[in-house]
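Position chain B relative to chain A; hints supplied.
In order, the protein sequence lines correspond to chains A and B.
Quick note, in the working numbering, the first sequence goes up one by one and the last residue is 119.
Quick note, in the working numbering, the second sequence goes up one by one and the last residue is 116.
I should point out that these hints are in silico values taken from the structure, not numbers from a laboratory.
Some clues are possibly wrong.
[As the list claims (entries may be wrong)] Listed below are the simulated DSBU-like cross-link pairs for lysine-lysine, each with C-alpha atoms no more than 35 Å apart in a straight line:
#1 A/K107 with A/K66
#2 A/K75 with A/K107
#3 B/K108 with A/K66
#4 A/K107 with A/K55
#5 A/K31 with B/K111
#6 A/K48 with B/K111
#7 A/K107 with B/K108
#8 B/K108 with B/K72
#9 B/K111 with B/K72
#10 B/K46 with A/K75
#11 A/K55 with B/K5
#12 A/K55 with B/K46
#13 B/K46 with B/K108
#14 A/K55 with B/K72
#15 A/K48 with A/K107
#16 A/K31 with A/K66
#17 B/K108 with B/K5
#18 B/K72 with A/K75
#19 B/K111 with A/K75
#20 A/K31 with B/K108
[As the list claims (entries may be wrong)] Each pair of labels, with its calculated beta carbon distance range:
#21 A/R24 with B/V24: 39 to 47 Å
#22 A/K107 with B/Y80: 18 to 26 Å
#23 B/R76 with A/G20: 30 to 38 Å
#24 B/A82 with A/K75: 14 to 22 Å
#25 B/D31 with A/S34: 37 to 45 Å
#26 A/R18 with B/N115: 38 to 46 Å
#27 B/G20 with A/G20: 26 to 34 Å
#28 B/Q55 with A/G7: 19 to 27 Å
#29 A/G7 with B/T62: 34 to 42 Å
#30 A/R88 with B/N26: 31 to 39 Å
Quick caveat, the model's predicted, so the values are computed rather than measured.
Positions of the beta carbon are idealized from the N, C-alpha and C atoms, including for glycine.
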Amino acid sequence: NAGVMQNPRHLVRRRGQEARLRCSPMKGHSHVYWYRQLPEEGLKFMVYLQKENIIDESGMPKERFSAEFPKEGPSILRIQQVVRGDSAAYFCASSRDRALGEKLFFGSGTQLSVL
Amino acid sequence: KQEVTQIPAALSVPEGENLVLNCSFTDSAIYNLQWFRQDPGKGLTSLLLIQSSQREQTSGRLNASLDKSSGRSTLYIAASQPGDSATYLCAVAQGGSEKLVFGKGTKLTVNP
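Next up, chain A with everything else stripped away, as it sits in the complex (with noise of 0.2 Å):
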């Protein structure tokens, strides 16, 4: 039984290019949330979604990141036009229901580093 999986584990990307990074929840799980983590600083929420639906992105930066979880596949968390800023551990996460009240599995993590 599979837990969250994350690739890749560790990201290296020059400033202008693209970043995308994928989680595949647990089995069953049809909740993922994306945390990020920068140094020094705690998880901060990014965005919540269902399948083929955004729920809550209101922790995602307005201009160049996007987020989704299509029907079959992965979730993709992509990042356009990366800055030295972006650089931060992303963490994917999944629940089976709605995460009140339910525990949340991690992923390990991608490493974002931006050159």
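Chain B in isolation, oriented as in the chain A frame:
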């Protein structure tokens, strides 16, 4: 705006010691509180989940308490072991929101 603070930021103890990690939050209108463990280069592992109506939860050597009215939670670790070395994160869920608000964590080192 909810803010979560964890004290101390780092803690080093000898093996076998009992210890307490502290978490405080500014808005007492929470739905639940979770304690997580984060190992270097790895994701978060949920340790304990306390619903707002509960006062404490126990799992093995771990005990977490919640005092919602005062905005505090503690994580008690009994008979600490080197394998307990990790960063411990506290996170609260606001009522009606899916977001977890995290503290910055307490980095625990248990020395053999």
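Starting from the hint list further up, note which numbers the structure goes against and sort them upward.
Per hint list: 18, 19, 23, 24, 25, 27, 29 violated.
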